[in-house]
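Residue numbers (the numbering used here), protein chains in the order written: chain H, 318 to 496; chain Z, 1275 to 1473.
Keep in mind that the hints were calculated from the coordinates and are not lab data.
Owing to the predicted nature of the structure, the values given are computational and were not obtained by experimental measurement.
C-beta: ideal position from N, C-alpha, C; glycine also.
A hint or two may mislead.
[Unchecked claim] So, partial list: chain H residues that the calculated Cβ filter (under 8 Å) puts toward chain Z:
no., residue
1, 345
2, 349
3, 367
4, 388
5, 389
The lines below spell out each chain.
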Amino acid sequence: MVSDTAEGPGQSWRRDVFDVLKAAGVKHIVYVPDAGHSTALRLAEADPEINAVVLTTEEEGIGYLAGAWLGGERGALLMQSSGVGNCINTLGLVACARFPFLTVVTMRGDWAEFNQWQNPMGQATEAALRLMGVMTWRADDPKDVAPLLRGAATMAFEGDGACAVLLGQRLIGEKEWVK
Amino acid sequence: MSAINVPGGTLERRGVVADLLRERGDLMVVTGLGSPSYDVMAAGDHDLNYYLWAAMGSSMTVGLGLAMAQPDRPVLVVTGDGESLMGFGALATIALRRPRNLSIVILDNGHFGETGMQPSHAGQGIELTRVAEACGFPVVDLVTERQGVEPLRRRIHAKESLNLAVVKIEAVNLPRALPPRDGVYVKNRFRAALGFRPA
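With the sequences and hints as input, model every part of the structure.
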């Protein structure tokens, strides 16, 4: 499996995701789990100031974050690229009411993918987000994660933007299927 | 085998919703698209109403996020059986969080009213109260008579427990009372009423 440690060279981005969200004033981290998010999810679940909310399907997160914003609070959706497909119609809510929307998407079907069933949605993920009016940034290098996410958070929360940061498979690492 | 067609009920939806929204105080209301939005609008537009016009299945999750962000105020979601069915998973997500200030009222006529009164799953044997119970909702109520409405109204304001009520209403389409469709306006108006400024 992909390493779930925040230690070691090139792995600090795993913690950066959480630290940047926290520094941006995020109080709600809503998610459908993915191995690439496991460090951020563990930190979110352990933080008493953060509501960490597990979802049954990703579009629930869009409604939840809209509601939290109506109530004056910031949040972010963590999901895998396959979940972007589940969000398409619900992203209309973000567009029509210009709700701030910040999501961090771990990519599959993107690079060195063993399971080709991930490829159709993985290859369509960025285009699908853009079709629905979501701005996108891609991180394939560990040093890019924090600045890209910080910038996306600014555009989401200060400018009512819909913003997605995609974490590429080259960043996350190859999933080992056979040991 | 033909479908078992169980009509929703006999209660008149506008009257039920108007009663639920009496003396609403600091109550915040989220409505599912279609008739529940019209019912809430017909009872009187309000800065603390958030009407959904799309994103079917989202009223309960919007209500959850709002209830989590504003834990000291009561939050009411008014939706229908059709919208609830599309957001089925949200019942599980909400049951895990259990916000004490969140009430969900499902106006169940057993039909997709907005699209021509096609029978819904709820009208063909799926009891939404049983689904909520299976998910672990601590308080689940089935309202089939008008006298069940006032206890429900009090429960909404009590903020003592997450609760869900299915109100069995008549399957009729009433004249529409259209809420504002400008989502940005309704959002900013809602937030302003809570003291938050636009970006």
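Evaluation of the provided hints:
With 8 Å as the threshold, the beta carbon of residue 345 of chain H comes within range of chain Z, its nearest partner Cβ sitting at about 7 Å, so the hint holds. Contact between residue 349 of chain H and chain Z, as hinted, is not supported at the beta carbon level, the nearest pair being about 10 Å apart and thus beyond 8 Å. Among the interface hints, the one on residue 367 of chain H is violated; its C-beta lies about 11 Å from the nearest C-beta in chain Z, farther than the 8 Å criterion. Interface restraint check: residue 388 of chain H against chain Z, minimum CB-CB distance 3 Å, threshold 8 Å, status holds.
Given the 8 Å rule on beta carbons, the hint for residue 389 of chain H holds: about 5 Å separates it from the nearest Cβ of chain Z.
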